[in-house]
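Residues per chain, in single letters:
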Amino acid sequence: MISLYLSHSSWLHRWPAGIKLGLLAGCSMMILPVVRLDLMIALLLATGLLYTTLGDRGWRHLEMLRPLLPFLAVIMLFHLWAASLYEGSVSVLRLVIMFLLANLITLTTRMSDMMAALQPVFRPFQWLGLSARSLALAVALMVRFAPVLVMVMNNLDEAWRARGGRKHKWRLIVPLIIQAIRLSDHVAEALTARGGSSGITVRPQKNQEITNNEQR
Amino acid sequence: MNKDKTLVQIALYAALIAALGLLPKFNIPVAGGVPLTAQTLGLMLAGVMLGPVRGFLAVALFILVVALGAPLLAGGRGGLGVFAGPTVGFIIGFPFAALVTGLMMQMLKKTSLFVGVFIASVVGGILVLYAFGIPGMVAMTSLTFAGASKAILVFIPGDLIKALIAALIAQSVARAMPGIIPSR
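Residue numbers (full-length UniProt numbering), protein chains in the order written: chain E, 1 to 216; chain B, 1 to 184.
None of these hints come from the bench; they were simulated from the model.
Note that the coordinates shown come from a computational prediction; the quantities given were computed from them, not determined experimentally.
The C-beta atom is built at its ideal place from N, Cα and C for all residues, glycine as well.
There's no promise every hint is true.
Said to hold, decoys possible - Facing chain B, a subset of chain E residues (Cβ under 10 angstroms, in silico): (1) V74; (2) R110; (3) R171.
Unchecked claim - Label-pair distances were calculated between CB atoms; the ranges are: (4) B/K109 / E/R110: 44 to 52 angstroms; (5) E/A46 / B/R184: 53 to 61 angstroms; (6) B/M107 / E/Q119: 35 to 43 angstroms; (7) B/K109 / E/A42: 45 to 53 angstroms; (8) E/S10 / B/Q106: 44 to 52 angstroms; (9) B/Q171 / E/P124: 35 to 43 angstroms; (10) B/Q171 / E/A42: 50 to 58 angstroms; (11) B/I152 / E/A136: 31 to 39 angstroms; (12) E/M151 / B/A176: 18 to 26 angstroms; (13) B/I152 / E/P33: 38 to 46 angstroms; (14) E/T52 / B/Q171: 52 to 60 angstroms.
Model the full structure from these sequences, guided by the hints.
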């Protein structure tokens with residue numbers, strides 16, 4: 001699956017997801033009020049050091065900042081225009097540090113562990129009748145079908161180019177949506193045929209052990 | 001509606017939004033050189049195609065999977081890092097943009113589909129999204145409110161084009177599959 005997770009192990013991989021998330025929240029709270037440039041630079045170096053401890057040239061993952069660079073440039077420009085270089089550097093560095101710290105958790109925590117750690121957040125939804133099971137199923141379906149739809153899109157694109165189409169590529173979104181709707185109808189039927197999103201309810205039978213396992 | 005069908009619809013629509021962000025081909029070039037991705041187009045269409053509640057849930061599911069670590073936001077961004085970035089307000093605003101777009105579609109039942117989708121997309125996908133996004137930028141970057149608003153102005157023309165494209169797409173889909181749009 002497409003994920004930012006690092007498959008090799010490091011000391012941070014072994015920490016429980018809940019503790020990592022808690023620490024991240026704490027660190028972010030502490031960094032937000034800092035307005036001194038020297039402190040920010042020190043924090044940035046410390047964060048960079050954390051990346052190097054991930055092993056296997058961990059600092060390479062700092063390149064994940066790249067998509068953020070245009071935003072940072074705009075923010076810097078506006079600070080130069082409205083305030084000063086000093087303030088601009090502090091707020092850009094603050095963003096970089098917070099981004100890198102949060103990313104550190106994504107790099108070292110499995111998607112399933114993260115989901116388990118976020119269970120308390122989902123509890124309000126359970127009161128609305130949305131079970132943890134349907135949520136897990138929805139996540140699994142989405143993760144599975146995102147690449148399928150990309151493939152559908154590539155096929156549509158190839159056919160479009162074979163017919164000589166170049167401009168107005170957004171028009172391909174129409175057949176993409178139509179195919180996604182048809183696909184969702186088929187998947188829904190298949191799901192219903194297999195007992196539905198809430199699973200097959202197993203009535204208590206003679207062999208109690210098997211029943212318990214299935215209900216789990 | 002059948003519960004399984006609703007669940008699958010929500011999940012596949014979330015996958016569709018992800019697919020739209022993964023496709024660099026869809027970058028819509030606009031004067032000024034700011035590339036636009038089809039992802040916010042997906043938000044507008046979520047509200048239109050699924051209605052307010054399912055649209056909200058589909059986009060919320062998409063955001064959840066991004067937070068869990070999938071790099072599905074346009075430009076290959078993802079993970080918890082994006083929630084510490086300058087665009088966090090926009091990301092939190094995504095589901096609400098779909099919600100309001102869906103609500104507006106219900107209110108605009110009497111207008112033609114094209115006009116309805118355009119207005120609903122402007123209100124949900126631009127006004128509501130920016131109402132979340134600009135305070136988010138102010139909080140994360142210590143820019144002033146006016147500064148952040150100005151920084152974001154460059155995206156407005158592109159977003160208006162996206163609302164127009166959303167209307168064209170909705171019209172074509174409705175023609176191909178009559179009765180598919182819930183408010184019509």
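Hints and how they fare:
For E/V74, the interface hint holds, the least distance from its beta-carbon to any beta-carbon of chain B being 5 angstroms, beneath 10 angstroms. For E/R110, the interface hint holds, since its Cβ comes within 10 angstroms of a Cβ in chain B; the closest pair sits about 8 angstroms apart. Annotation: interface hint on E/R171 holds; nearest CB of chain B at approximately 8 angstroms, less than 10 angstroms. Take B/K109 and E/R110: their Cβ atoms lie about 46 angstroms apart, and the range 44 to 52 angstroms holds.
Separated by about 56 angstroms at the C-beta atoms, E/A46 and B/R184 satisfy the suggested range of 53 to 61 angstroms. At roughly 36 angstroms, the beta-carbon separation of B/M107 and E/Q119 lies within the given 35 to 43 angstroms, and the hint holds. A C-beta distance of roughly 59 angstroms is found between B/K109 and E/A42, which places it outside the suggested range of 45 to 53 angstroms. Our hint of 44 to 52 angstroms for E/S10 and B/Q106 holds, since their Cβ atoms are close to 50 angstroms apart.
Distance hint check: the CB atoms of B/Q171 and E/P124 are about 37 angstroms apart, consistent with the given range 35 to 43 angstroms. A beta carbon spacing of about 56 angstroms between B/Q171 and E/A42 agrees with the range 50 to 58 angstroms that was offered as a hint. Look at B/I152 against E/A136: about 36 angstroms separates their beta carbons, and that is inside 31 to 39 angstroms. Distance hint check: the CB atoms of E/M151 and B/A176 are about 21 angstroms apart, consistent with the given range 18 to 26 angstroms.
The hinted range of 38 to 46 angstroms is not satisfied by B/I152 and E/P33, whose Cβ atoms lie roughly 25 angstroms apart. A hinted range of 52 to 60 angstroms holds for the C-beta pair E/T52 and B/Q171, which are about 54 angstroms apart.
Going down the numbered hints, you'll see the structure goes against 7 and 13, while the others check out.
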